[in-house]
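Peer 1: Given chain V, put chains P and S in place with the hints provided.
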Amino acid sequence: MSQTVTLRIYRRDPDLDAAPKYQNYQIELTPGLTVLMALYHVLENVDKTLAFRASCRSAVCGSCGMHINGKNMLACETQLAPLGNEVLIEPLPHLPVLKDLAVDMTRFWDKYEKVRPYLIALKAPPPSGKERLQSVEDRKKIDEFIDCILCACCHTSCSTAWWDKEYLGPAALAKMYRFVADSRDEGGAERLQIAAREDGVFRCHTIFNCTEECPKKIPITFGIQEIKKRVLWGKLAGRM
Amino acid sequence: MPLTKHTVYPGRGLGMWAFWLHRLTGLAIAVYLLMHILVISTVVGGAGNFNEAMKFLKAPIFILLEMGLLAIILIHGFNGARIVLFDLGYGVKKQKPIFIALMALAIIPFVIAFAVALPHIFV
Amino acid sequence: MSQVTPKPQGVWAWIWQRITAVLLFVFLGTHLFVLHYVPENLSINFLGVAARFKSVLYVIVDSGLLATALYHALNGIRNVLFDFIADEGKRGALNLVLWLVGIVYLIWGAYALTFFVK
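Chains as they are written, first to last, in our numbering: chain V, 3 to 242; chain P, 2 to 124; chain S, 37 to 154.
The shape of chain V in the complex, shown without the other chains:
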């Protein structure tokens, strides 16, 4: 006896539709079926006009972040069966909808760029000419934050980021912490100056939505608080 699940999918083509509509698709539940596999099934067999982003199917590329049953998650690593008989699938909240489940990530990337998401190394490379080494302990400090796949699940769950369009947001700040806490990075002061502006790290109101939604279980708020602490003591000590 096979079981069917109703996918209730947000549909909108901004060029044609004034308001979004929700379209239902019946799908047969098979063992191990993920939300992404179900979406592909709809695309290939039922409705060729459905738009969504996906690539690796293994929670590494960060393309398939979606709002599923009221939570941001990766479609590819989410099993369909435990989600109930009707599954609501919407695009990531508060980003412009390009079509259906695909959103415009421009704002997300703009902020990402602002924190200088690359190693700033001023010292000459080691004489060996090979990589800059790091102790095991130092590597541990950034272990969790290196896991970020830039899926925007955190950023689009942060209400401050919805309201304040200038706020750097959790993803960019987590990336900043990943470099600030990296023993090889020398851009710390420069980065902290960016965090110290009005729309920087201090607009975080410790709501913890980002940490809750992160598919990689990165303690994002912890990283943001660490940046706050560094800016705070930098200010109080007159270093900034």
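It is worth saying that the hints were derived from the structure and are not from the lab. Watch out, some of these pointers could steer you wrong.
[As the list claims (entries may be wrong)] The calculated DSSO-like cross-link candidates involving lysine-lysine, where the alpha carbons are at most 30 Å apart (straight line), are:
{"hint": "1", "chain 1": "P", "residue 1": "K95", "chain 2": "V", "residue 2": "K142"}
{"hint": "2", "chain 1": "S", "residue 1": "K126", "chain 2": "V", "residue 2": "K237"}
{"hint": "3", "chain 1": "V", "residue 1": "K167", "chain 2": "P", "residue 2": "K95"}
{"hint": "4", "chain 1": "V", "residue 1": "K218", "chain 2": "P", "residue 2": "K97"}
Peer 2: Below, chains P and S without anything else, positioned relative to chain V:
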């Protein structure tokens, strides 16, 4: 281009509720503070009007409202302690149990205050 | 390269919000205890208030409460509104309005608090 709108993130978070509680209680207290300063400062105008006003404000309904105000202040204050704790770098990874513990703790002063106020509410 | 102009004015407001928060525990705690749990203060009337405001220590506590509570409340309102207002000009205007409200309230409150101190 259209956005999908959500005003409250339904998500998985107790943190969101803590945040909204903190905001709304904070705004309520701010409004009360600005009123309170104006009302009490009328004392410079002499005994007559001030005593009238204070007698009016001693009605049971206002004592009951004051209990509500106390609850609001306790929620804001105890959650405020949680926020300051996070800002000093403590307990960030234990935010949910800390919120529950602090709200439970806030009940104690409220119950004591309510017990003290009870005879003034039901006279 | 540098597409960000650092505007660090938010940091000190944030720091002061925390400092006043901690001070409020002391000032508001004292204020509430003195007014509601010291038997002779239970009935609030003109003579009682006038007598209390003659005590320099009490006026100091209440003045501290006035200043910290005003800062904390108005900066709190600012924090909420700045989430929704991105425009620099509007933000500046809001800052100005809040500072004006704060200063007027502070002066008026301080005048009332020290009215009975001889």
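Peer 1: Against each hint, give a clear statement of whether it holds in the structure.
Peer 2: Here's how the hints hold up against the structure:
1. P:K95 / V:K142: This hinted pair holds, its Cα atoms lying about 20 Å apart.
2. S:K126 / V:K237: holds, 26 Å
3. V:K167 / P:K95: holds, 29 Å
4. V:K218 / P:K97: holds, 19 Å
Of the numbered hints listed earlier, not one is contradicted by the structure.
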